[in-house]
Each structure stands twice: as structure tokens, then as C-alpha cells.
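Peer 1: This is what each chain is made of:
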Amino acid sequence: MGSGNYLLRKFAFALLTIFVVVIINFVLFRILPGDPVRAVIGRNVKISAEVQQSLREQFGLDKPVFPDQFLMTIRQWASGNLGVSWSLRRPVAEILISKLWNTLLLIGLGQILSIFFGVLLGLLAGWKRKTALDAGALTFSLIAWATPTFWLGIILLAAGSTWLGLPTGGILSPQNVGKPLHTVLPDLAVHLILPTLTLTILYLGEYMLIMRSSIVETLGEDYILTAKAKGLNQWQILWRHALKNAMLPIVTIIALNLGFTVSGAIYIETVFSYDGLGKLFQTALTKQDYPLLQGAFLLLAVSVILANMLADILYTILDPRVKAS
Amino acid sequence: MEAWQQLRRNFRELWQSFRGNRMGVIGLGLVISALIVAILAPWLTPYSPQQVMRDENGRGLTFAPPAVHPPLGTDDGGHDVWAQLVFGARISLTVGFLAGFIAMFVGSFLGILAGYFGGWLDNLLMRITDVLLVIPDLPLMLVLVATIRQMQLKISPITVLILVIGLLYWTSTARLVRSQVLSIKERQFVARARAIGAGHAHIIRKHILPQVMPLIVANTVLILSTAILIESGLAFLGLGDPTKPSWGTMLNFAFDRNAISNGAWWFYLPPGLAIVWVSLGCVLLGNVLEEMLNPRLSGHHLEGEAHIIKPGEQQ
Amino acid sequence: MSESTPLLSVRHLSTFFELSGNVKAYALEDVSFDVYPYQTLGLVGESGCGKSTTLMSILRLLPPNAHISGQVLFKGVDLLALSEEEMRAYRWKEIALIFQSAMNALNPVMRVDEQILEAILLHRLLPREQAWQRVQELLDLVGIAPQRGRQYPFQFSGGMRQRAMIAMALACSPSLLFADEPTTALDVMIQAQVLELLKNIQKRLGLAIVLVTHDLGVVAELCDQVVVLYGGKVAEYGSVDAIYNSPQHPYTQKLLEAFPDLHRPTASLASIPGTPPRLTDLPSGCRFEPRCFARLERCRHEPPALREVGEKHYAACHLLEEKENLLE
Numbered sequence: 001m002g003s004g005n006y007l008l009r010k011f012a013f014a015l016l017t018i019f020v021v022v023i024i025n026f027v028l029f030r031i032l033p034g035d036p037v038r039a040v041i042g043r044n045v046k047i048s049a050e051v052q053q054s055l056r057e058q059f060g061l062d063k064p065v066f067p068d069q070f071l072m073t074i075r076q077w078a079s080g081n082l083g084v085s086w087s088l089r090r091p092v093a094e095i096l097i098s099k100l101w102n103t104l105l106l107i108g109l110g111q112i113l114s115i116f117f118g119v120l121l122g123l124l125a126g127w128k129r130k131t132a133l134d135a136g137a138l139t140f141s142l143i144a145w146a147t148p149t150f151w152l153g154i155i156l157l158a159a160g161s162t163w164l165g166l167p168t169g170g171i172l173s174p175q176n177v178g179k180p181l182h183t184v185l186p187d188l189a190v191h192l193i194l195p196t197l198t199l200t201i202l203y204l205g206e207y208m209l210i211m212r213s214s215i216v217e218t219l220g221e222d223y224i225l226t227a228k229a230k231g232l233n234q235w236q237i238l239w240r241h242a243l244k245n246a247m248l249p250i251v252t253i254i255a256l257n258l259g260f261t262v263s264g265a266i267y268i269e270t271v272f273s274y275d276g277l278g279k280l281f282q283t284a285l286t287k288q289d290y291p292l293l294q295g296a297f298l299l300l301a302v303s304v305i306l307a308n309m310l311a312d313i314l315y316t317i318l319d320p321r322v323k324a325s
Numbered sequence: 001m002e003a004w005q006q007l008r009r010n011f012r013e014l015w016q017s018f019r020g021n022r023m024g025v026i027g028l029g030l031v032i033s034a035l036i037v038a039i040l041a042p043w044l045t046p047y048s049p050q051q052v053m054r055d056e057n058g059r060g061l062t063f064a065p066p067a068v069h070p071p072l073g074t075d076d077g078g079h080d081v082w083a084q085l086v087f088g089a090r091i092s093l094t095v096g097f098l099a100g101f102i103a104m105f106v107g108s109f110l111g112i113l114a115g116y117f118g119g120w121l122d123n124l125l126m127r128i129t130d131v132l133l134v135i136p137d138l139p140l141m142l143v144l145v146a147t148i149r150q151m152q153l154k155i156s157p158i159t160v161l162i163l164v165i166g167l168l169y170w171t172s173t174a175r176l177v178r179s180q181v182l183s184i185k186e187r188q189f190v191a192r193a194r195a196i197g198a199g200h201a202h203i204i205r206k207h208i209l210p211q212v213m214p215l216i217v218a219n220t221v222l223i224l225s226t227a228i229l230i231e232s233g234l235a236f237l238g239l240g241d242p243t244k245p246s247w248g249t250m251l252n253f254a255f256d257r258n259a260i261s262n263g264a265w266w267f268y269l270p271p272g273l274a275i276v277w278v279s280l281g282c283v284l285l286g287n288v289l290e291e292m293l294n295p296r297l298s299g300h301h302l303e304g305e306a307h308i309i310k311p312g313e314q315q
Numbered sequence: 001m002s003e004s005t006p007l008l009s010v011r012h013l014s015t016f017f018e019l020s021g022n023v024k025a026y027a028l029e030d031v032s033f034d035v036y037p038y039q040t041l042g043l044v045g046e047s048g049c050g051k052s053t054t055l056m057s058i059l060r061l062l063p064p065n066a067h068i069s070g071q072v073l074f075k076g077v078d079l080l081a082l083s084e085e086e087m088r089a090y091r092w093k094e095i096a097l098i099f100q101s102a103m104n105a106l107n108p109v110m111r112v113d114e115q116i117l118e119a120i121l122l123h124r125l126l127p128r129e130q131a132w133q134r135v136q137e138l139l140d141l142v143g144i145a146p147q148r149g150r151q152y153p154f155q156f157s158g159g160m161r162q163r164a165m166i167a168m169a170l171a172c173s174p175s176l177l178f179a180d181e182p183t184t185a186l187d188v189m190i191q192a193q194v195l196e197l198l199k200n201i202q203k204r205l206g207l208a209i210v211l212v213t214h215d216l217g218v219v220a221e222l223c224d225q226v227v228v229l230y231g232g233k234v235a236e237y238g239s240v241d242a243i244y245n246s247p248q249h250p251y252t253q254k255l256l257e258a259f260p261d262l263h264r265p266t267a268s269l270a271s272i273p274g275t276p277p278r279l280t281d282l283p284s285g286c287r288f289e290p291r292c293f294a295r296l297e298r299c300r301h302e303p304p305a306l307r308e309v310g311e312k313h314y315a316a317c318h319l320l321e322e323k324e325n326l327l328e
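Protein chains in written order, with the working numbering: chain A, 1 to 325; chain B, 1 to 315; chain C, 1 to 328.
If you're looking for bench data, these hints aren't it; they were derived computationally from the structure.
Some hints could be false.
Subject to a maximum C-alpha distance of 25 Å in a straight line, what follows is the list of computed PhoX-like cross-link-like pairs (lysine-lysine) [what the hints assert, rightly or not]:
#, chain 1, residue 1, chain 2, residue 2
1, B, 310, C, 24
2, A, 128, A, 244
3, B, 244, A, 287
4, A, 99, A, 287
5, B, 154, B, 244
6, C, 75, C, 199
7, B, 185, B, 154
8, B, 310, C, 199
9, A, 130, C, 75
10, B, 310, A, 287
Chain C side only, calculated, beta carbon under 8 Å to chain A, not exhaustive [stated by the list, open to error]:
#, residue
11, 88
12, 89
13, 101
14, 107
15, 122
Note that beta-carbon positions come from the ideal geometry of N, C-alpha and C, so glycine has one too.
All chains should be built: construct the whole structure from the sequences, respecting the hints.
Peer 2: Okay, structure coming up:
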């Protein structure tokens, strides 16, 4: 089996998963009570019987649910047509794209910071096992794991706005909305502090735990003893022999964690009124805006699945064993 | 019943070494104290969570700090926070525990079937867990719960939460149990039992189950903490039952009704601390149990140098 | 250095491990032996008798719960008196080590040639260009096509990995090579090849080898001197001829009985009834007493001392003293 085969398998798996998500989305949409036309155009819009009939035909609702409606829906989704939001009266795809960058900025910053500090702390904790540093790091990560994301956000929001005068929410101060991006960067940064901090604290603990156990396991391997017998000092062993081996499992974990990161974004954007996909998801939920809810679900799920596939590809590049076996 | 007796002995031994583990005892203490509070709720407060507190002039006591209305003040509607907290424990723990147990049953059942029978069943199950693992769980649950509610079935919101959490979080248990069953199946006595004509149900009940039991217990404790955290999150996003507020619902109310800008810390701190209390307890307990069942390799090659005893040095 | 001065003199080497609950495991006690240039010394015994611990104690590669005492004189320098940093300069440059399982002893995500190169560059023996040259020569020496050095360990067969390990051990031209069961993990055919390679290399490069093995056939084929360890102590020590032809210690005799045919070097050690003592719970007298077929009353309480039984041939057994007394 070459690496081409491996990649092909990963690709097939991603396709399968996306297919499952599409089916879930389709089925959920269809089992909603009431006329599907209503589900598309909204509950309280008055339309005549003829318009309704022409819409039925336009959406293929006079045809059987499977395969005609299903295939049609897939075709629409694939072409980027996710329907129209009931509450915002705009195409769902358009709304999603307008919020996407804000969320990517938040998740990206949080991930980069938590991975960096988590891996670093985990490395130190595992290397200096059973020291005060290790015990402190372990305790921290357990408490971080047991803390609900949104509650930590609430605490930091209350503390940050009361004592540090940080903004209580949003992405920009009202007077800065609409100005060119480079002129409002400091304002943006100030607004990002608390949400990013919340995300970083929560995910840092997890990365730290994983890195810690990975480095402990790696440092117990025979080749580390070989390196020591060769006369390398601790730093040389850590840097040249342990780090790469210990980091490999982290790559997969980071990808799998993206799903949790999305959950985190929903909570944190809600708490900090941060104008991204997560907040949008929560709004759609409270307004029972189903086209928006399902469009957002589709986008989030497909992004996470694709990110996982990318991580698998990255893994093959990093680990020679996968590449050649 | 030999294997079951062995199991009972194992549990006794486990308990012996468990008692010496500080982290584990703390975890158990946290969980049990929360359970006691939930059970004794009506005796711990003179008020009901719905009752509106009034001052001597008959005006509603809204956002009264603990100093004015001990022990934990009142919320925006003048309800006693402590009463909500202890009654909320009942809801949070019920949802957490029931969802956790559903996940455990489904996961163990499927894990044992997949591990024991193997073949296409195993393949199918593993693919399903793979798929569930990459689909982001919170969005999926939110969409599911929202749709089920919209269908106006006659199920209480709390039951919906229990079912959705329970039926989505069985995958890790299933994987764990499966791999354990696979390794048990390799061992001698299963082959021997097979050879003397024991049926599958008999082998599973008498030989497999007693051996995976400790692992299932440890894993269930960890699942419990996940279930409690997820419940609080869904309730915070407004999917709880407003008439039966859990800790998460309390936080939803506190957040929506501006407890933060009103400085009503007594409204938003206690429910969160309660959630941390229980889930931390479960995590500590579960980690210690897992470590005891499955002691990981300890020690590595960079922990330091051997001690060289110089001539004349005392040993 | 003349052939009569030892390259390595181990004197009264003792190692114990501090375990949890204040328990001490006495892994080595009062072990002494000499290794001469160009010679091979075999360390034999059942597993858990302290063979590997001896090597690791000398190289000071044991974990921090290990406590080592005694003297390890290498070219006249006591290795146990050096600082950790000074000790690092000796590792691999002077004393290299081959492990039992080369699969695990090589870094899985580093190219084989880079792992060899690393040792040469670390000890600053050659500039980079020439060091690469040397890596190619080393691979060639152990019978690996130099271009295969660009591969990773998992792409090698078991025998090739052990050859690569040997090439790596020779990288700094050490004067002493420790080989810890170098062939145990390999299948029979490959075992013979690797042993042949070791023998050739010793002849060509003139190094001294300490070979840890439980395979007496290998000892007979490769070794000049033999140390028989039991329960962390030296049971018998002498030349390979002396040990094979007139074994003095009951344990050595049993070992040789259990391994009847020296011409079938591939047969492994058959078992002696009983198990080696637990290191946390050693017998107060002779450590072999519970399993010994010829035990005396005093063996239970009094540990026997090592006594000279022939030219440079030592054994630790009360029977020998009794015999001597009878003769007198």
C-alpha cells in the first residue's frame, strides 16, 4: 500500500462523512411539521395559492422525496444555494460568508495560542515529571476541562469589564463600524482580548495533557536511551529525538479538536456578542430560523471534516512511516 | 459464577487501593456531596425556586445581594438563588446521570457485540464511531434538539436533552469496550468455554462482562462529567426547561437578564461553581479509576541521573 | 596499552534501586571483573540477574532511583567519579552500546545515516563532509548499501537494523563495545550473520567487547572471559576454557548441563528448576541456595565469598572451601 492509497482512503472517508451530514440535514429539514414551502419562504409571509403551487414545482415538492427531492436539494447545496433565512430575509449562504471571517479570526487566534502554550507547557511538565510544575499543570488542565466554556467567558467578561475596563462585547466599538480595517486594528485587538483568552485557557489544558502524556511515552522509548548513550545532553535529546516523535499524535488531536473548537466558538461568541458564525447559530436557534440553522450546521460540519482530512494529509508529510508504508 | 466472584474480589481490592489515593477520594467526595444536596434539596431551604421574596413593604426583592437576603441573594425576579441552586442540582444531576447511563448502556452493548462477534458488525460500528467523531457535536445536538422540539412531540424538553446527549456520547465507551473484549477473547478460557459447547450469551455473561465491568465503571464516570457539562451548555443556549431550571438554565437566565451589568455575581457565580464541582469530581474519580485499572508506563529516560555513592558516603 | 593491563576494571560495583514504599531492590552487589583490549568478555545468567544493569551502571544510564557505588576504571579513569558532563564525553566515543531490539533503539522518524552522522558530529571527530564519507564507509563495513542509509529504520529488515545499529556503534571508533543480547530478537539465520559480523569487526578494528547473553553457545564462540552472574552477584568468573571445562559453581554446572551441546550454538538455555530470587527479598545466605542441589547448612545463613579456584578462575561457593578443607 502506497501513500496514495492512504490518502485515497482518507478522502473517501471525508466524502462519506459529508454525505452522512447531508443526509442528517435533509432528513431533519423534511421531518419539520408543516408545508415545506413554508419552511423555505418563512412562516408568516402571505402568498397566494398559485404562487405557492409554482413554488412547489420550483422546489420540486410535487415530486417524490426520494430520489428526486433529495438529489435536487444536494444539487442546490452543492451550488451554494442554502435557502433564505426566515429572520433576516437574505440568502443563507451570503449571511454565512459575511460572518465566516470573524469566526476564523477568533478560532485561529485561540488555537494558535493554546497549541503553542499547551505544547510548551506539556513538554515541560512531561519532561520534569512529578515536580511542582507538573502537578500545577495537571491541576490546571483538570479544572479547565471541568469548567463550562460559557461560564468562564461570563467570569472573564465580568472581571475584565469591571476591573480592566475592557469592552463587554462585539468586535468593534460602534463609532468604528464601517471604517477601513487598518485604522481600527487597536480597537479590534481590545475587543478580541477576552474571547481569545477564554478560548485559549480552555483548550490549552487539553493540548497540555496530550502533549504531556505523549512526551512521557516518547521519552520512555529505547531510542531515547540510545541518544543518551550516544552522549547527547538533555536538550539535544529533547530537540532532535523526542519532539518530532511526540508531536506527531498532536497533529491528529488538533484536527479532531476542531469540532470542540466550533462548540467553543458558539458559546464564546454568544457570551461576548461576537458577530460570527457561533453567534449566528445561537440567534438562529432562538429565532427558530431553520434554514439558517441548517445552513450553518452544514458549513461548520463540512469545514471540520475537511480540516480533518487536511490534518491526515499533513500527517503523511510529517511521519515517514505513513508516507512509505 | 466464578468470574463474578472474581469481579467482586477485584472491586474490593480496587477499593482498598482507591482509599489511599487522595485525588480519587476528593473526586468521590465532590460527587457524593452534590448528590446529597440534590436529594435533600427540600430540607435545605424554606423557599421554593418559584417563590418571590418580598421586603417588609411587600415589594419584590430583585437582585438582592446575599447581605440583604442570605445566603445567596435573589435573582431579577426576586427568587431565592440558593433555593434555585439546590433544586437545580436535581435537574442537572438527573439529566447528567441518565444521559451518562444511556451512553454507557448503548456503548457497552455495541462494544461487546462488535468486539465479540467481529466481522461486518464490527466494521459497521467502527465506521459509525469514526463518522460521529468528526462531526462537530454541539452544532449537531443543537440542530437535533431544535428540530425535535419543533415537531411538537409530547416529550418534555428534559427528556429530549437526556436522549440526545445519551445517544450521541456512546462512541468512546463502545471503542474502549470493544478493544478490551477483543483482548479478552484472545485468552485461553474463552476458547475453552467455546470448546465445551458454551453458548455466546453464556460466554458473554459469565466471562466477558465481569472482566470489562471495571473499565465500564471508570469510563461511565468520565462520561458523566461530559454529560453534565453538555447539559449545562445546551441549557445555557436556551434549550433547557424554563419551568424546571437546571444550573445551566440559571446561567441562561442570569446572562439574558443582565446579571453581569447589574453586578449580581451571586446569581452567576454559584451555578457555574456547582457545575465545576460535579464535573471536576467526576473527572478526578474517573481518571484515578482508569489509572488504577490500566496503569500507564511510568518513568522515562530523562528524569535525571542515577545517584553515585561516593566512597565513605552513608547509604 | 599493553595486553596485560585491563582496558576496563570494574571493582565492587553495587547498584540498588529505591522503589516505592521504601523498598530497595539490590540489583548488583560487589561485582568485579576486568576487560582486556582485543578481548571479549561474556556476561551470562538468567534474565533478571543483573547483566544489563551492569552495563547500564558502568555507562551511568540508570534512572534517578538507582544508587551506584564502587569503581569503574576505564583507561585508568574512574567513570563513577566524573561529572555528568565529563561522562557524556566518554559515552559512544569510548564505550558504545548495542541494544537487544534495534527496532526500538533507532529513532523511527530519523534517517538511518543521519542517526549515525549525529554521533560523529556530536563528538566533533570529523568535519561534516568527511563525516558523511565515514557514514558511507561504516554502512559498507556492516554490509548495507550506502544509499539505503537514506531510508528510515522501519524500511529495514530486523537483521539490517541490527547491522545499522552496529555501524552506529562503530561511528566514533570506540575502544570498548557493549552488546546487550544483540541477537536475541533476531531469527536464527540472521543471528549467525550478525554474530559473524561482530567477530569480524572485532578482528579488524581490534576492539574489546562485553557481550551480555543467556546463550552459552554464543559465549563459547565469541568470548575469551566469562562472568556468570546470579542474583546480582558474581557466581563464577574465569576464562572460557576454565568455565566450560571445569565449572566450579553449582549454578554454572547446571547452566552447562541445561545446555548440553556446544556445537549447536543456536539452542537456548533450558530451565533450571525454580526461579531467580526476587531482588527485593534476597536470601540472607548464598543466593542460589534455594535452588541448589548441593546446599549445605551454612549456605542458608552465610553468603559465600569469591575464592580463587585456578589461574584467574574464581567461584563463590561454600562447597569449594569444604573440599579444600577435606584435602588438607
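Peer 1: Hints first: check each against the structure and report whether it holds.
Peer 2: Comparing the hints with the structure gives:
no. : hint          : verdict
1   : B:310 - C:24  : holds (19 Å)
2   : A:128 - A:244 : holds (18 Å)
3   : B:244 - A:287 : holds (22 Å)
4   : A:99 - A:287  : holds (18 Å)
5   : B:154 - B:244 : holds (17 Å)
6   : C:75 - C:199  : holds (23 Å)
7   : B:185 - B:154 : violated (44 Å)
8   : B:310 - C:199 : violated (37 Å)
9   : A:130 - C:75  : violated (38 Å)
10  : B:310 - A:287 : violated (77 Å)
11  : 88            : holds (4 Å)
12  : 89            : holds (7 Å)
13  : 101           : holds (7 Å)
14  : 107           : holds (4 Å)
15  : 122           : holds (6 Å)
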